[in-house]
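Just so you know, the protein sequences line up as chains A and B, in that order. For the first sequence, this note's numbering begins at 26 and goes up steadily by one. For the second sequence, this note's numbering begins at 26 and goes up steadily by one.
Note that these hints are calculated values from the structure, not bench results. Computed from a prediction, not measured in an experiment: that's the story for all the values here. Fair warning: there could be bad hints in the mix.
Taking lysine-lysine and the PhoX-like style, the derived pairs with C-alpha atoms no more than 20 Å apart in a straight line are [stated by the list, open to error]: (1) A:Lys47 <-> A:Lys180; (2) B:Lys157 <-> B:Lys47; (3) A:Lys157 <-> B:Lys138; (4) A:Lys138 <-> A:Lys174; (5) B:Lys97 <-> B:Lys138; (6) B:Lys97 <-> B:Lys47; (7) B:Lys180 <-> B:Lys138; (8) B:Lys152 <-> A:Lys138; (9) A:Lys47 <-> A:Lys178; (10) A:Lys152 <-> B:Lys138; (11) B:Lys174 <-> A:Lys138; (12) A:Lys178 <-> A:Lys138.
Far from chain B, some chain A residues (derived; all Cβ distances over 12 Å) [said to hold, decoys possible]: (13) Ser37; (14) Lys47; (15) Ala48; (16) Arg52; (17) Pro64; (18) Pro82; (19) Ala96; (20) Glu166; (21) Leu173; (22) Asp175; (23) Phe176; (24) Phe177.
Each residue gets a CB set at the ideal place from its N, CA and C atoms; glycine is no exception.
2 protein chains.
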Amino acid sequence: MSVQMKQADFTSHMGRALDEAKAAAARGEVPVGAVLVGPDGAVLAQAGNETRQRHDPTAHAEMLVIRQACAKLGTERLIGCALWVTLEPCPMCASAIAWAHISSVYYGASDPKSGGIEAGPQIYTHKTTHHKPELYPGIAEAACSVILKDFFKSKR
Amino acid sequence: MSVQMKQADFTSHMGRALDEAKAAAARGEVPVGAVLVGPDGAVLAQAGNETRQRHDPTAHAEMLVIRQACAKLGTERLIGCALWVTLEPCPMCASAIAWAHISSVYYGASDPKSGGIEAGPQIYTHKTTHHKPELYPGIAEAACSVILKDFFKSKR
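Please work from the sequences and hints to get the whole structure.
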């Protein structure tokens, strides 16, 4: 894959995830958005957080796109797929990414308060995590974190 | 709550979880079962693993009962509720339990290979895990682990 193609992906996939985060904020949800991309580069699923409207604490954006993509493909394993998400996944989502055997995770802002990759339990550093995706942190970091900051500022 | 009542709960709630584990095995699923009990002691939800039949890597027994109970109560928070499960929850489920603010977790067999409480990421030992349930491991441990051992033996 050429560098040029990759840059286009960065803009389009993370742009789509950012749009999902903004839509989540408009619904009163914590503004995190995610996109699941197949091995051929096609978008399989996209979602923002829906924990409040669904009354479901597991309805993080990452979980929703994993479940949607698996349902679409009729499989439990998203081998060769990439997850794009605006915030560092929490331990629940990081572990679900491992169970789904997702190949790469591109994320925006780090989450020192509740993250599960760099922060706290550091899910991918343990022998008991049987699949570890390639990690690309810091993608469009400023844009991803400003949405969260604005949301929590407006809630105070 | 009297000791006698607690022993009756141990038998009935973990018995129900064991029945769900056995039903999961019969469907070709990894035999783990879970029961979600409300603050009044009533069973809110029960399920066995359904990852294969649902094509959903997040469909662990614990996740299913959390989602079912939250949908039933119209809330994201299962405060005062207890989760009974035949196997030590994985990091995904342990983190979901924290997000749901479940008060107590009673579990059967430990899972040194893929667990998330005693094993690997030890989810509840981190400052970034904002809720920690009371833990009661080793409930009906022998019965819970023999179902798993028999299942994996039959798959060889």
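Do the hints match the structure? See the list:
no., hint, in the structure
1, A:Lys47 <-> A:Lys180, "15 Å, holds"
2, B:Lys157 <-> B:Lys47, "29 Å, violated"
3, A:Lys157 <-> B:Lys138, "15 Å, holds"
4, A:Lys138 <-> A:Lys174, "13 Å, holds"
5, B:Lys97 <-> B:Lys138, "33 Å, violated"
6, B:Lys97 <-> B:Lys47, "25 Å, violated"
7, B:Lys180 <-> B:Lys138, "18 Å, holds"
8, B:Lys152 <-> A:Lys138, "8 Å, holds"
9, A:Lys47 <-> A:Lys178, "15 Å, holds"
10, A:Lys152 <-> B:Lys138, "8 Å, holds"
11, B:Lys174 <-> A:Lys138, "38 Å, violated"
12, A:Lys178 <-> A:Lys138, "16 Å, holds"
13, Ser37, "26 Å, holds"
14, Lys47, "22 Å, holds"
15, Ala48, "19 Å, holds"
16, Arg52, "14 Å, holds"
17, Pro64, "17 Å, holds"
18, Pro82, "4 Å, violated"
19, Ala96, "6 Å, violated"
20, Glu166, "19 Å, holds"
21, Leu173, "16 Å, holds"
22, Asp175, "22 Å, holds"
23, Phe176, "17 Å, holds"
24, Phe177, "15 Å, holds"
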